[in-house]
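So you can see what is in the structure, the chains are spelled out below.
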Amino acid sequence: MKKQVKRGIALAMTAVMTTGLAGCGGGETAATTTAAAESKGAESSAASNTETEAAAEFSYPMEAGEPLQYWVETTTTVSANYANLGDTPFAKGLMENTGVDIEFLQPPQGQQKEQFSLIIADGDLPDIMEYNWVSDYPGGPEKAIRDGVIIPLNDVIDQYCPNLKKYLAENPDIDRAVKTDDGNYYCFPFIRGDESLLNTIGLMLRADWLEELNLEVPETVDEWYTVLKAFKEEKGATAPYTFEYTNNQYLGANPFVAAFDTNYSFYIGSDDQVHFGAVDEGYKEYLETMHQWYEEGLIDADIATMKNDQVSAKITNGTAGASLGQAGSRMGTWLAAAQQTNPDYDLVAAPQPSREKGQKAEFGHVEVAYSGRSSAAITTSCEDVERAARLLDWAYSDEGHMYYNFGTEGVSYTMEDGEPIYTDEILNNPEGLPVSQAMSAYIRGNYNGPFVQDERYVVQYYTMDQQKKTPEVWGAGSSNGAAHVMPPITPTSDESKEFSTIINQINTYRDEMTLKFIFGDADISEFDEYVSNIEQMGLERALEIQNAAYERYKTR
Amino acid sequence: MKNKTQKALKVKRSRGEQIFSVFNYIFMVGIIILCIYPVWYVAMASFSDSNLLTMHTGPLLWPEGFNLNAYTKVFKNPMILKGYMNTMFLLLVGVPINIMMTALGAYFLSRKRVLFQKPIMIAIMFTMFFSGGMIPFYLNLKDLHLTNTLWGLIIPFMINTYNMVIMKTSFQSIPDSLIEAAQIDGASHWKILFSVVLPLSKAIIAVMVLYYGVSTWNSWFWASAILRERQLYPLQVILREILLSNDVSSMSSGAAATDAESIAMSIKYATIMVATVPILCVYPFLQKYFTKGTMVGAVKE
Amino acid sequence: MKEFKKKVRTDGGMKEFRKKVRTDWMRNRSLYILVLPVVIFYILFNYKPIYGAIIAFQDYTPRLGISGSEWVGLANFKRFFSDIYFGRLMRNTLLLSVYDIIFGFPAPIILALLLNEIHNRFFKNVTQTITYLPHFISMIVVCGMLTDFSLSTGLFNDIIVFFGGERHPLLQDPSLYRMIYILSDIWQQVGWGTIIYLSALSSVDSQLYEAAQIDGANKWKQTLNVTLPGIAPTIITMFILKIGKLMSMGYEKTILLYNPSTYETADIISSYVYRIGLLEQDWSYSTAIGLFNSVINFVLLIVANKLSKKYSETSLW
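Residue numbers (my numbering), protein chains in the order written: chain A, 230 to 785; chain B, -9 to 291; chain C, 4 to 320.
Chain A on its own, in the form it takes in the complex:
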């Protein structure tokens, strides 16, 4: 009996969903859908026996049941104080609110890919896995479904996930991004809920030095050259520009590649086709420039092995004068640390450099609202799909949204004039924890996870003026970058193996050769040979696959 009822509701929901999607363009239909959902919610509170109510009968917390295994990467700000994510007040509260017991499984930092690969290889999977299914699962999400790793969520979302469903119906762009070409939903996505959350990485340099040397914030590559040269000669910086080269996130965001109108990897060209940046003429110019800078000692000699601790040390002690990083975890940290010993120390954000002064840069680093990162999928090993789905769906409810971004009211935030304001527990932790660590104890809003990130968190966290300026300096106005960002496209599962083999080989080769060109171990005259090698590895085929995938994406 109960089952039948459920199926009925599922049907009803699907009907609503379809109408919602059909009228995608018009806000009116979306509004209707929302209204429908809301009315359902309203009805649910009044107990009666109609069919609609049976679905809404559901409420959190759920009844106790088997614990779910939840595999998720380890975050430094959590692991600094908690052995396991499950020990944090955040996780405890999550379990309490949803009624689901969660067993968190976490790989060592820096080895998540290795462990993920082994887990997949043996086929006995945790119930929920949080991963970047788009770029880190070889072949992408459709392949993962076909490999029998994760389950398609279409029916699951229809049946158990009113909140996510509602969110997707309201945001058709995101809806398009979070499914495969075949129309399969595969994850509970991490979504950056506001534009101000998309421009978090950028260049910064020593403002006090600029002032002392009477220099402006550089806007072109040439001006950067002048500034770095001055830093080296006048200020004695031995590694004027340094950044965390070993971290792919920064490597991909490298503004100096973008300055030459290209990209490390795939991008959408102005012809609306997919291109591979590392074979462009612009990339050659980038390599030439970097080689020159390297020879003249303007970029860190140790760049290939640079990690966070060393970059931080250099930028704070004056060995370096410019770097790349986030406004929060880098700029803020560096300012606070360096000002303890040098009150004059100051950093300023610099815009995406362009080739000519006054010209708006064509390329630049912009995140997309949904990049694929940290998205939770339900695996084929999960026995209680409803429970897992309900647990994950909660994050997209109003209550869950607040919880993921701000924590527990009265503990980690209070409501003032309708706005959530973090408490001193977070901003001024009594145990002296840095803010990011205090936050990580109560929320996931400051890093990532399957929920919608709220911009109100960032506003409160850019406490320094230097940081507050970053969204504008690095933002959409500074470059046309957004037009070139690759959307989360995926090859078909048939092509995926071929594609990942080709691209792995190309990437390894590119990484190696890029450094060789910069260090001068390979002369720039060998660039053509480098390009033809990459072509031999199957670049054309890879582009063909990518372009087809892009076409499919556009027609999703």
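Possibly wrong hints are sitting among the right ones.
[Unchecked claim] The calculated DSS-like cross-link candidates involving lysine-lysine, where the alpha carbons are at most 27 Å apart (straight line), are:
hint : chain 1 : residue 1 : chain 2 : residue 2
1    : A       : Lys513    : A       : Lys464
2    : A       : Lys321    : B       : Lys72
3    : C       : Lys313    : B       : Lys102
4    : A       : Lys726    : C       : Lys127
5    : B       : Lys108    : B       : Lys181
6    : C       : Lys222    : C       : Lys127
7    : C       : Lys23     : B       : Lys108
Rather than coming from a laboratory, the hints here were simulated on the basis of the structure.
Using the hints, position chains B and C against chain A.
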């Protein structure tokens, strides 16, 4: 005349020897410095003030701005203690099992006139040079339900063939008469192993404790591959996270908070000290055994 | 194995053999029972994974498992032979091993010989203890220290500058990578390696030295004519064991030390296997490469054993 030249030769020779001897001592002192200095450097860096340390260039002889902040931070890290506990478990439970199993195999191989000894020996030696590889090994562990448990780091690594061969050679040096006498008394092989052979093999056992202990202490790869729960991590996995992980911040995307946390290079060094000093304190006391033990064992007769 | 079969044959047929087995069982039954756990261990943790390595001939898919995955024959091996990095991987693996043998192998012998000439017992003991020290520092820590010290601002460069050199990021230079790898290996293992040779040295007959002295041989000659021949069996045994492991350089140190700028000299078969299998999830291909490596090792072992039989009259079977 002849006498004289001989004498001269001898003087000359001993002068050459003297010079050699002086150089030899100097060389040894050089080696000592080479072996100790890196550790000394790490120790001094761990006691240093982070800010001063990053500015410092040139060999470090004493701490720069002595303080213990780094150690306070290291001991506040919840994982370090957990890591220690797990590593201790692996040592206290794993090493005795290692020794037991190795002794069983070594004893079998050291006996004479056993028909199937040679085929078994060959089959065992074969595995020293031929293995299925990482992925099949892992799939097998999974098959045997040895993932996500510390037993998965003990049971599949119970015997190191190389060590077993050393132990076998050592057992072979025990006079046959002793064993034969026990056999005549009606003692079983179990009894002979435990009441005759092992008591006579204290030195080699000490060596084995050290060999297996060191490799257990140092192992990290399989731990990081099979353990899913952070509570189970042994010390080296934690160390790797702290020292070598390239990727620590790739997960903390977006704008994190403003941290007043000072950038502490010295924390890294303090972590190294905490994870290394215990074993450095233990081995000199075991030294007399292992010098003696390998003497018996390692050199094939 | 051959010997064993021969024995069976010459002893005259199955019947005889059965009888032999029976007597052997009567005599050694408890011995076989005693070794049973060991045999089970080897079957479960060594032979079963070797069976599992058949995924090298498949397109392994976890959902289908080892029994259900599609067979692809030698495709994965062919792919490796035509891999653009095949030549480089073979060269790097071989060169690293060869350098290890050329420099790493004699180092403890030399140190042992020198230590043997130290007559002050206390100093000798202290030196020994201290040279063992690096052996007890874990690989993780050694590699962590190496990466730090090799930075252009690191300790090594401070020392280079002290002696009038120029700063240079050492771990970014492919031409220095092998040297760093081998030297750090020597640093870590040389003291520990002397143990075996020192014990061999102590068993060299002292009468031989006296005889040599009477013949007027100086220290150098004594070393050449008495000491070295005395410890030769040990040296040869160790050497053969080393040859047998020629191509089996582990991945652990490599993956802790290398970066894209040093792939050219640093990337070896095992680190490639690691990347393919664990980072790119190409399990079958990874296993195929590993299997290929194992086969090479095995061939080398047989060669080494032949050499062993010929020169030292000791063999592994």
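Now for the hints, and whether the structure bears them out:
Among the hinted pairs, Lys513(A) with Lys464(A) is inconsistent with the structure: their alpha-carbon atoms are about 30 Å apart, more than 27 Å. A threshold of 27 Å between alpha carbons decides the hint, and for Lys321(A) with Lys72(B) the separation of about 21 Å falls inside it, so the pair holds. Annotation: proposed proximity of Lys313(C) to Lys102(B) holds, straight-line Cα distance about 25 Å (limit 27 Å). A distance of roughly 61 Å separates the Cα atoms of Lys726(A) and Lys127(C); the hinted pair therefore is violated under the 27 Å criterion.
As the CA atoms of Lys108(B) and Lys181(B) are separated by approximately 23 Å, the hinted pair is consistent with the 27 Å bound. Simply put, Lys222(C) and Lys127(C) have alpha-carbon atoms about 19 Å apart, close enough for the 27 Å limit, and the pair holds. A C-alpha spacing of about 15 Å is found between Lys23(C) and Lys108(B), which places the hinted pair at or below 27 Å, so the restraint holds.
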